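Chemist: Taken in order, these protein sequences are the chains called A and B. So in numbering that gives the first Met the number 0, the last spot in the first sequence is 262, and the numbers never skip. So in numbering that gives the first Met the number 0, the last spot in the second sequence is 262, and the numbers never skip.
Among the clues, some could well be false.
Note: identical chains are not told apart, hence a pair may lie in one copy or across any two.
[As the list claims (entries may be wrong)] Calculated pairs, DSSO-like style, for lysine-lysine (alpha carbon to alpha carbon, straight line, at most 27 Å):
{"no.": "1", "residue 1": "K107", "residue 2": "K257"}
{"no.": "2", "residue 1": "K257", "residue 2": "K120"}
{"no.": "3", "residue 1": "K20", "residue 2": "K244"}
{"no.": "4", "residue 1": "K97", "residue 2": "K199"}
{"no.": "5", "residue 1": "K120", "residue 2": "K244"}
{"no.": "6", "residue 1": "K104", "residue 2": "K15"}
{"no.": "7", "residue 1": "K62", "residue 2": "K80"}
Hints were generated in silico from the structure; no laboratory data involved. Since this is a predicted model, take the numbers as computed values, not measurements.
There are 2 protein chains.
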Amino acid sequence: MIGIFDSGLGGLTVVKEILNKLPQYKIIYFGDTARTPYGTKSAETVTRYAIENTKFLLEKGAKIIVVACHSVSSTAIPVLKELFSDIPFFEVVTPSMKKALKLTKNKKIGVIGTRTTIESKIYDRLFASVDPKIKLYSQPAPLLVPLIEEGWLKKPETRRIVKKYLIPLKMRGIDTLILGCTHYPLIKKIIQEKAGKRIKLVDPSEEIALEIKNFIEINPELAKDLVPDGEPEIFVSDITPNFEKIAQLFLGRKITLKKINLE
Amino acid sequence: MIGIFDSGLGGLTVVKEILNKLPQYKIIYFGDTARTPYGTKSAETVTRYAIENTKFLLEKGAKIIVVACHSVSSTAIPVLKELFSDIPFFEVVTPSMKKALKLTKNKKIGVIGTRTTIESKIYDRLFASVDPKIKLYSQPAPLLVPLIEEGWLKKPETRRIVKKYLIPLKMRGIDTLILGCTHYPLIKKIIQEKAGKRIKLVDPSEEIALEIKNFIEINPELAKDLVPDGEPEIFVSDITPNFEKIAQLFLGRKITLKKINLE
Chain A
0 MIGIFDSGLG GLTVVKEILN KLPQYKIIYF GDTARTPYGT KSAETVTRYA
50 IENTKFLLEK GAKIIVVACH SVSSTAIPVL KELFSDIPFF EVVTPSMKKA
100 LKLTKNKKIG VIGTRTTIES KIYDRLFASV DPKIKLYSQP APLLVPLIEE
150 GWLKKPETRR IVKKYLIPLK MRGIDTLILG CTHYPLIKKI IQEKAGKRIK
200 LVDPSEEIAL EIKNFIEINP ELAKDLVPDG EPEIFVSDIT PNFEKIAQLF
250 LGRKITLKKI NLE
Chain B
0 MIGIFDSGLG GLTVVKEILN KLPQYKIIYF GDTARTPYGT KSAETVTRYA
50 IENTKFLLEK GAKIIVVACH SVSSTAIPVL KELFSDIPFF EVVTPSMKKA
100 LKLTKNKKIG VIGTRTTIES KIYDRLFASV DPKIKLYSQP APLLVPLIEE
150 GWLKKPETRR IVKKYLIPLK MRGIDTLILG CTHYPLIKKI IQEKAGKRIK
200 LVDPSEEIAL EIKNFIEINP ELAKDLVPDG EPEIFVSDIT PNFEKIAQLF
250 LGRKITLKKI NLE
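With the rest of the complex left out, here is chain A:
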């Protein structure tokens, strides 16, 4: 079983991609909708939540853990790997970094994300460690998550705000833009339109799904441990009618949410 967690429902874009690329394995997802968003919270709090979420998925039988949340990926991974040392962890940041490195020609890369992700400087550190010549330009874009969760996917206000966030990055001449939040693939078209054709986008959901696929291929013994087949199970820490709407929007199909209280 592949276990995936996120601060809320954004990680369902990752579920969708994994279902596309690895339809043979069962997925269990936990979205911490009672405590969402993580993006505005401190690293300490985010780490505490990440540990609880991991424990839940392992108890449910997950054999690998996918951290679909950028805030967790950029702060809590070392602690998780130490606490659960026999479990393979996948996070959303590194695969995007690798893809951006492949795509860029002028070595000028942009990244948009929540405030926590950007302020963690995780992308800065990653790029500096693999290629010091990369120039990384970061832009916090904290209003995009609420706009997307409102379903304002095509509204002029969303277009305007996307445009505003991208101006400083375009002025720097980036040729590659990392969507540093799992919500953003839902407005990829608008982001591409406002970024212009010259800029290539990196979608974290696609990259992490590819990374998992490759890992399973080179570790065939793992494939046996992953329960084959079965509908994905989606657990959340809180349910509202709006969450059900958002889940459908993200996953692209109707799904039953199950409520679980971790506290």
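Place chain B on chain A using the hints.
Modeler: Just chain B, lined up with the frame of chain A:
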């Protein structure tokens, strides 16, 4: 001691008004910044959080409890009053309702708030119980909280979105508009500008502070229990640099936040 809690920092607009009107009493505030926002969560989850927050304030010595959160005010008050039956509770919804009743001439009243507040239909029920001739028009305005917390208090995007939210209410011919969220007083000017001069605004922070002042005046024995003087103490369940900035914005002065873990 006057105890006040909110899902986050918005309730500091209430603290500011109480400090204006009742500077002689000590205030203790709890903002649940680790689990904010409540506005998107279910009534069950919001009630559970409200009970924990109330217990914390009572342990700290609060003699009256002010619920500065509209989501809690509109869902959890009956449970709180039953569980803590010897404590006077104040909430933000009823005082606004009373003020709107006084102000309206054509009996057409509008209210804007988070999705949870509007969907709770608390204002509908309250107005129906006091004057069935009142026509209440509600508009969820969920993007205003993130815009305000971003500090986009005067940005054109904020103006546009406020305008968009108010159009349906203006078309109904309301003459009074309730700001159904403690964040909204920070953009009162824009709201007034987009509503037009004909529409009178009801600010929940002002009304709840007046209600508490009146209650203490007619219950002088309570005044003895309220520790006089002393700087307000502001507790939060999570601290980030951005929360400190927002707290200052809301309270209108620099303040030290103290972190407390309720879970």
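Chemist: Which of the numbered hints are not met once you compare them with the structure shown?
Modeler: 1 and 6
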